[in-house]
Amino acid sequence: MKIIPFGALALALLGQTAVQSPPAPDPRTGLIVGQVVDAATGKPLSGAIVSIGGEFLFPATGPRPTPPPRILTGSDGYFVFRDLPRGSFTISAYKSGYADGATGRRRPGGPSQPIEIKPGGRVGDVMVKMWRVASISGTVVDEAGEAIVGVQIRAFRRSVVEGRRRFVSASTAMSDDRGIYRLGDLIPGDYVVAATAQPITAPVMMTGSAFGQPAYAIGRGIPVPPPSKGQAVFVYPPTFSPSGPLDQATIVPLGSGEERTAVDIALHPIRGVRVSGVVTGPDGPAASMQLQMLASGNEAVSLEQDAPSAISDQTGAFTFFAVASGDYTIRVAARSRTPGAQTALPSVLWAATPLSVGRTDIDGVVVSLQRGLRVTGRFEFDGAMEKPAAQRLAQVPVVVDAADGPASISGGAGPSRVDASGQFTTADVPPGKYFVRIGGSPQGWMFKSAMYNGRDVADTPFDLRGGDATGLVITFTDRWSGMRGMVQSADGPDPDATVLVFPVDEQMWSAFGMNPRRIRSVRTSATGEYNFPSLLPGDYYAVAVHDDQAADWRETKFMESLARLATRVSIGDGEKKTQDLHTRDVR
Amino acid sequence: MRIKALSIFAAVCFAAAHLAAQQPPRDTRPADKIGTASISGVVTSDEAQPRPLRRARVTLNGPELAMGRTSITADDGSFTFERLPAGRYTLAAAKEAYVRMSYGARRPNAQGTPVAVADGQRQRVTLRIPRGSVITGTVLDPEGQPMRGVLVSALTYRFVPGVGERRLVSAGAPSSATDDRGEYRIFGLPAGGYVISAGVEQFSVSSLDIRVVPAGEIQQALSERQGGPPQAPAQSPSAATTKANEPRRTVAYAPVYYPGTAVSAQASTVTVAPGEERTGIDIQMQYVPTAKIEGMVISAAALPQVTPVMLNSSDPTLAVDSVRVASAGPDGRFTFNAVPPGQYNLIVRPVPLGAMAGAPRPQPAAPGAVSASMYWALGTVAVQGEDLAGVTLTLQPGLTISGRVVFEGATPPAIDFSQVRVPVPPLRLAVGNLPIPSPMVRLDATGRFTIGDVIPGPYRLTTTAQGMRSPIGAWWLKSVVAGGRDLLDSVVDIRQSIDDVVVTFSDRATELSGTVTDAQGNPASNAFALVFAADSQFWFTDSRRIAGVRPDAEGRFTIRNLPPGTYLAVASADVDDREWFDPEILQRLAPLATKLSLAEGERKTLDVTVR
Chain A
1287 MKIIPFGALA
1297 LALLGQTAVQ
1307 SPPAPDPRTG
1317 LIVGQVVDAA
1327 TGKPLSGAIV
1337 SIGGEFLFPA
1347 TGPRPTPPPR
1357 ILTGSDGYFV
1367 FRDLPRGSFT
1377 ISAYKSGYAD
1387 GATGRRRPGG
1397 PSQPIEIKPG
1407 GRVGDVMVKM
1417 WRVASISGTV
1427 VDEAGEAIVG
1437 VQIRAFRRSV
1447 VEGRRRFVSA
1457 STAMSDDRGI
1467 YRLGDLIPGD
1477 YVVAATAQPI
1487 TAPVMMTGSA
1497 FGQPAYAIGR
1507 GIPVPPPSKG
1517 QAVFVYPPTF
1527 SPSGPLDQAT
1537 IVPLGSGEER
1547 TAVDIALHPI
1557 RGVRVSGVVT
1567 GPDGPAASMQ
1577 LQMLASGNEA
1587 VSLEQDAPSA
1597 ISDQTGAFTF
1607 FAVASGDYTI
1617 RVAARSRTPG
1627 AQTALPSVLW
1637 AATPLSVGRT
1647 DIDGVVVSLQ
1657 RGLRVTGRFE
1667 FDGAMEKPAA
1677 QRLAQVPVVV
1687 DAADGPASIS
1697 GGAGPSRVDA
1707 SGQFTTADVP
1717 PGKYFVRIGG
1727 SPQGWMFKSA
1737 MYNGRDVADT
1747 PFDLRGGDAT
1757 GLVITFTDRW
1767 SGMRGMVQSA
1777 DGPDPDATVL
1787 VFPVDEQMWS
1797 AFGMNPRRIR
1807 SVRTSATGEY
1817 NFPSLLPGDY
1827 YAVAVHDDQA
1837 ADWRETKFME
1847 SLARLATRVS
1857 IGDGEKKTQD
1867 LHTRDVR
Chain B
5 MRIKALSIFA
15 AVCFAAAHLA
25 AQQPPRDTRP
35 ADKIGTASIS
45 GVVTSDEAQP
55 RPLRRARVTL
65 NGPELAMGRT
75 SITADDGSFT
85 FERLPAGRYT
95 LAAAKEAYVR
105 MSYGARRPNA
115 QGTPVAVADG
125 QRQRVTLRIP
135 RGSVITGTVL
145 DPEGQPMRGV
155 LVSALTYRFV
165 PGVGERRLVS
175 AGAPSSATDD
185 RGEYRIFGLP
195 AGGYVISAGV
205 EQFSVSSLDI
215 RVVPAGEIQQ
225 ALSERQGGPP
235 QAPAQSPSAA
245 TTKANEPRRT
255 VAYAPVYYPG
265 TAVSAQASTV
275 TVAPGEERTG
285 IDIQMQYVPT
295 AKIEGMVISA
305 AALPQVTPVM
315 LNSSDPTLAV
325 DSVRVASAGP
335 DGRFTFNAVP
345 PGQYNLIVRP
355 VPLGAMAGAP
365 RPQPAAPGAV
375 SASMYWALGT
385 VAVQGEDLAG
395 VTLTLQPGLT
405 ISGRVVFEGA
415 TPPAIDFSQV
425 RVPVPPLRLA
435 VGNLPIPSPM
445 VRLDATGRFT
455 IGDVIPGPYR
465 LTTTAQGMRS
475 PIGAWWLKSV
485 VAGGRDLLDS
495 VVDIRQSIDD
505 VVVTFSDRAT
515 ELSGTVTDAQ
525 GNPASNAFAL
535 VFAADSQFWF
545 TDSRRIAGVR
555 PDAEGRFTIR
565 NLPPGTYLAV
575 ASADVDDREW
585 FDPEILQRLA
595 PLATKLSLAE
605 GERKTLDVTV
615 R
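One line per chain: the protein sequences are A and B, in this order. The opening residue of the first sequence carries number 1287 in the numbering used here; numbering runs sequentially from there. The opening residue of the second sequence carries number 5 in the numbering used here; numbering runs sequentially from there.
The reader is advised that the hints may include incorrect statements.
Unchecked claim - Partial pick of chain A residues on the chain B-facing surface, computed with a CB cut under 7 angstroms:
1. V1319
2. Q1321
3. D1324
4. G1333
5. I1357
6. L1358
7. Y1364
8. G1383
9. G1410
10. G1436
11. G1470
12. V1510
13. P1513
Unchecked claim - Partial list, computed: chain A residues near chain B (C-beta under 10 angstroms):
14. D1411
15. D1428
16. E1432
17. V1435
18. Q1438
19. A1459
20. D1463
21. L1472
22. S1514
23. W1839
24. K1843
Derived by calculation from the structure, the hints in this document are not laboratory data. Treat the numbers as computed from the prediction; the structure is a model and nothing was measured. All C-beta atoms, glycine included, are put in the ideal place defined by N, C-alpha and C.
With the rest of the complex left out, here is chain A:
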């Protein structure tokens, strides 16, 4: 089943504010014809698979029509979709060796632009650009210079996550029998490459083999360490090309279609020590829990996926077989198997135990699991419209959005629950700083505020600690406010721009969680118009830039330079502001 991207879902549920025009007869003879081309050379691309979406996924009215079959382009790169109903369509293209293309996409991974079809309308000259992917390859060797076979290599791409520059995992590959790895399918950007996989120590009964007690699972992708010498055990730490930690790593800038070779990695083993202990929960020792040993001071790159981990046995005992010295947090975040008696929501057990590891074994560590915390409250509807029906209310997702770092529960927090009278309870989360936001509002209503202790915690995070947060009031309003207008460049209306909007308040330019409501961007249409159908009242900076410059814009420093070029806009309660803009150059 297709995973519906959050943005699309939000748009669909937020509804449309356009005035309904008198329904015109729809002959369903709309036509779109276009061409897939290589973005670098301009030449047509054969063998691309072109599909059409948009109206077929989220029809404005009526049942969902069956989409036409996808098209395989021939040597002229052309595609045609006919017999289309009126509506808004996105066309996307897939081809081996290229990043996915879409109409209006001006950079790999950039936003697409839908095509509007009036009843029986015809659109031609549609061009879908596709960018060749780039690659990094090299050899992995150990301390004796011997090639390491079957080790997992991970590429990290420099991105912006919640206002900070951070290297984020992009792709993995395994080294072959010559020790050579190849990371293909990379979109242009700045990369670092590392061997990061760390061992999992599992109870003997699970792995069926013992290095002494308990088992040391050399999983796939982890290099075989040197054999233990007496008490000394060894491990290969996460190593970035050429041969050290992140701050000594070679940064590999990749352009479209570029092939970088000889990005080699040399691994050196270091001594590790044993760390063992017991995991206990509220109901006693906790079996089969996965514990992760997360190194502190790793804000710049996310190594959590590959961190050393251990699994507790039936008595709750766990062992990390070989941990390098340093400062760590032992983290557990697990959905408990038996749901709480009074609710059907899965509860979470978590722990974050700090630990300093030196050169001696550490035994007897106690990791105490605590139950997660919840947020409860009610919905209120401020407006003249009829309140949504009970079943509709039950579908509104209440999202507890972590303010300090990516979602700390593997798999994301569970769903929230809303009852018929609009009382909601969120799923369990570990203590921390959070926003409370809505994943999609009922039709016709705009999410206005989430008030807790006098603060709107959709915009400013609060500290969830020591107990559940109760009494939140989430308010929806039917007085929509938004912003729209025209973007002009020197040559007239600009179809290639993206409009960026963010609050004037500088405090909100960092640590804003995954889905800040007031930091938004939208692509202009083919006619140079832009529209934010729902933008909360407040003071904003608005600036239009060429879409090429809009990549990774939600970064604190970049927003500072944008602010200098931006127009200040104030949106009042229920106001649908019109604001025309000129395309600016941020360089």
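Dock chain B against chain A, hints included.
Relative to chain A, chain B alone:
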């Protein structure tokens, strides 16, 4: 139809087990004893000039240990296992890009020779492992462009005892997915011959319906766009008919075998020597036209909301069955889209219709009788790129098989059958290897049993039935006669319910014992002693007239309860566990074997030499 080898009557034999003398409960995890023996050595490469291999993993297993142990070799290739209890241990060595070998085995995947240590003894062994071979090449799409994400596997023909036939199975080296250049690299392969297959994952983008647009349609669209005459409403009906008549090619990627055929039997074999790197094994993917299958499940009773219908390929060389499922609604209609060409089975799993409206009323229950409550359907269909409609699957009720248990011997036991509870092992339908809910087996006070809800088809009982190779108490399974034939020796095609099955247990069994010796006349404990019927009609998987046993440390073996008849006996160090069910292997060994005959209840001694 393929023979279904399943032990449907194992249940009855298992029932008898409850009556046997009480056996002490098995201790599954003996405590680890600390001993004084040790095994150490080196791991080297298997070459003319062997090199020590560092960072190899040596595993040690033995009945004296609760769990296997693993050791990593040092830079000089050495390893050691200390504090072992006296006993026999097997060792194996593995290293990435090399082929895992057991100590003493002549080829990979074969069992090796155990190493025996006494208390205080130190044994030294050398394990030699060959470097794996490499097969590499490029996969192109039908347009000649490199294609990424294609899974390339090295397959080899191997006798699969579970199926009773030679099938193409994965060779043991992991498959390789092509990278962005369309290149794949399979390494760590044992030397030998391989069939290389390239396939696209069933649910990936490339394998679903894709349409190729004819050039004329593009021209038409471009001219319309340029302002050509808009389609007048009057033309719409003809546009619709044109659309219906126009051939719409829907395609998918078919699995392709090197050098470029979709038929595995026509594939070339790529042979690699130990440590060889074979390049240039390139494959071009092909499109095949896909088809739609529409059909209906026909049932006497009302169908439930959803009835799953399964479609799977009946290509005999495919080792892995991929099954698609469609849902038939209450009207029985189902559809499969985008089916590549080939032969398929359609299966409707047993549906409990007994409670549905319109179902035949259950028969009045005789004591122990089971009324038919499960309905099923089986069909076959050949797909060649054309859509198929009107495929019907008519639900049939399961059959009932009943009979009685008879004891032949000096003192028949006194049994209270009504106290016996019988768990039945799950049945496996050989077609599609799909589990089917097991029929219930009950015994009445006189020892009569009834098994209900049996799917019609050919059946045969195998050595996995209890009482065949080892007795239940004092009783050996002697025969299971149904329809005048013994299910233990031949296939019985059960098409109707049967009620006269006789399961016979006897307290006498033949016994064949002896010693396995090597060419020098010394006892050989690392070879299998094989005894098999001279008549090749009994050469099938789990036949009771084929036995393969490992002798003990002194080379002695004993085989019991072979039915009377003529046999061939031989010893071989070159076969793997259960490989002796492969008729080709028996064919090869027959001329080297000693002939003997066994009469009812006879005990015989025979020495066999390793050939």
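Hint check, V1510 of chain A versus chain B [nearest Cβ-Cβ separation less than 7 angstroms] | Hint holds; V1510 of chain A Cβ to chain B Cβ min 5 angstroms, cut 7 angstroms.
Closer than 7 angstroms between Cβ atoms is the bar; does Y1364 of chain A clear it against chain B? Give me holds or violated.
-> Y1364 of chain A check passes; min Cβ-Cβ to chain B is 5 angstroms, inside 7 angstroms.
Under 7 angstroms, Cβ to Cβ, is where Q1321 of chain A needs to be relative to chain B, so tell me if that hint holds or is violated.
-> Not OK, violated: Q1321 of chain A not within 7 angstroms of chain B, min 10 angstroms.
Grab the minimum C-beta distance from E1432 of chain A to chain B and call the hint holds if it beats 10 angstroms, violated otherwise.
-> With Cβ-Cβ at 7 angstroms, under 10 angstroms, it holds.
Restraint outcome when G1410 of chain A is required to lie within 7 angstroms of chain B by C-beta distance | holds, 4 angstroms
Per the CB criterion, is D1324 of chain A less than 7 angstroms away from chain B?
-> Cβ of D1324 of chain A sits 12 angstroms from chain B, so the hint is violated.
Please verify that hint: D1411 of chain A, Cβ, nearest Cβ of chain B, below 10 angstroms or not.
-> holds, 8 angstroms
Restraint outcome when I1357 of chain A is required to lie within 7 angstroms of chain B by C-beta distance = OK, holds: I1357 of chain A within 7 angstroms of chain B, min 6 angstroms.
When the least beta-carbon distance from W1839 of chain A to chain B is tested against 10 angstroms, hint result = violated, 28 angstroms
Evaluation of the interface hint that places K1843 of chain A against chain B, nearest CB under 10 angstroms | This hint is violated: K1843 of chain A lies away from chain B, its Cβ roughly 33 angstroms from the closest one there, beyond 10 angstroms.
Regarding the hint that D1428 of chain A lies at the interface with chain B, is the smallest CB-CB distance below 10 angstroms?
-> This hint holds: D1428 of chain A lies near chain B, its Cβ roughly 8 angstroms from the closest one there, short of 10 angstroms.
Can we keep the Q1438 of chain A interface hint, with Cβ of chain B closer than 10 angstroms?
-> violated, 12 angstroms
The structure fails hints 2, 3, 18, 23, 24 (numbered hints given earlier, in ascending order).
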